[in-house]
Amino acid sequence: GIQVEQSPPDLILQEGANSTLRCNFSDSVNNLQWFHQNPWGQLINLFYIPSGTKQNGRLSATTVATERYSLLYISSSQTTDSGVYFCAVDPGGKLIFGQGTTLQVKP
Amino acid sequence: DVKVTQSSRYLVKRTGEKVFLECVQDMDHENMFWYRQDPGLGLRLIYFSYDVKMKEKGDIPEGYSVSREKKERFSLILESASTNQTSMYLCASSLLGYEQYFGPGTRLTVT
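Protein sequences, first through last, are from chains W and F. Its first residue numbered 34, the first sequence is counted upward by one per residue in my numbering. Its first residue numbered 40, the second sequence is counted upward by one per residue in my numbering.
Just so you know, not all the hints are guaranteed correct.
[Claimed, not checked] With a cut-off of at most 16 Å between alpha-carbon atoms, the simulated EDC-like pairs for lysine to aspartate or glutamate come out as follows:
| id | chain 1 | residue 1 | chain 2 | residue 2 |
| --- | --- | --- | --- | --- |
| 1 | W | 127 | F | 138 |
| 2 | W | 127 | F | 98 |
| 3 | W | 87 | F | 67 |
| 4 | W | 127 | F | 69 |
| 5 | F | 110 | F | 67 |
The set of hints was computed from the structure by calculation and includes no laboratory data.
In isolation and in its complexed conformation, chain W is listed as follows (with noise of 0.2 Å):
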């Protein structure tokens, strides 16, 4: 089955910094997301971009779609930026989650 990686597992930046988040993925794709998996657990949908660039704040992100990665950059963080960040890939009518990055901004 498809395989998605994503890189680094963890990161911690210090608030104001700059990171850029990668997913890999081993086969095409009909659809991809990206989320922010809050302290309370919830899954907090982020991007829905199968190609392309999108934009919302100062979060964006990059997919694309014939080498297989999309990237997530998150600009001047904030501690609310904590969390885990999925990347999630749909072969067809189903989504396969990567194992998540870790993200910590300290004060």
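Go by the hints and put chain F onto chain W.
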């Protein structure tokens, strides 16, 4: 805004009990999903449904069943709860081929 709700945030049950986890969505989505999340194992799909009274097994269906009698409601049933079913359970819904939206999750502890 899409809203997916789950019946309980925290639940404690005894081994052997029958457990019902309820999920309701308010956006007329055809698809609904149940996942469990465990440390080191990530999120894994248990069951999903593309329509009322329809169900499909996911990657780890053993020990679970589901029910979808109405479009907006998808129930996960643990027929006889066991300690290895202690986990975080997440429900999601989507339109076919579009992004999934998740509920707040239920932390189930089986003692």
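Taking the hints in turn, this is what the structure says about them:
Distance hint between residue 127(W) and residue 138(F) is fulfilled; the C-alpha atoms sit about 10 Å from each other, no more than 16 Å. Restraint check for residue 127(W) and residue 98(F): the C-alpha separation of about 11 Å stays at or below 16 Å, so the hint holds. Simply put, residue 87(W) and residue 67(F) have alpha-carbon atoms about 26 Å apart, too far for the 16 Å limit, and the pair is violated. Our distance criterion of 16 Å between C-alpha atoms is met by residue 127(W) and residue 69(F), whose separation comes to about 13 Å.
The straight-line distance between the Cα atoms of residue 110(F) and residue 67(F) is roughly 7 Å, inside the 16 Å bound, and the hint therefore holds.
Of the numbered hints stated above, the single one contradicted by the structure is hint 3.
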